[in-house]
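J.: Using the numbering used here, the first residue of the sequence shown is number 1, and each one after it goes up by one.
For the record, the hints were derived by calculation from the structure and aren't laboratory data.
Just so we're clear, the structure is a prediction, and the values are computed from it rather than from any experiment.
Treat the hints loosely; a few may be bogus.
What the hints assert, rightly or not - With beta-carbon atoms standing in for the labels, derived distance ranges: (1) G32 <-> D59: 31 to 39 Å; (2) S33 <-> R80: 14 to 22 Å; (3) A34 <-> A55: 31 to 39 Å; (4) A58 <-> G87: 13 to 21 Å; (5) P60 <-> S33: 28 to 36 Å; (6) K84 <-> E62: 18 to 26 Å; (7) H35 <-> S56: 30 to 38 Å; (8) M69 <-> S33: 15 to 23 Å; (9) V88 <-> P60: 13 to 21 Å; (10) L63 <-> R31: 23 to 31 Å; (11) V88 <-> A58: 18 to 26 Å; (12) Q54 <-> S33: 26 to 34 Å; (13) C79 <-> A34: 14 to 22 Å.
Each residue gets a CB set at the ideal place from its N, CA and C atoms; glycine is no exception.
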Amino acid sequence: MTALHKGESPVGAGLTREQSNADDLHSAKVRGSAHALRVIEGERKAHEYLARLQASQADPDELALIVAMLYGAALRGFCRVLAKALGVNHA
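Make a model of the complete structure from these sequences and hints.
T.: Below, the structure is given as structure tokens:
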């Protein structure tokens, strides 16, 4: 094992602290982007379902199937759109 130099991260194996911090920030942004994309996916599925429902082309089994396949951020996005369509206001 080589000795650490000033500004070098003990975990980073040759990376400076600044590089390590930049990598951590990038990872956080990627996770945040992935979360946002899942929310958007859920919202899109809700809008598509509502359009089919209004056109009398959807049934309750379809809703159950969609909800069963969603989880986490996608499910929250889906539910948010449905709640808004139903006029539910959360404090």
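J.: Which hint numbers doesn't this structure obey?
T.: Checked against the structure, no hint fails, so every one of them is satisfied.
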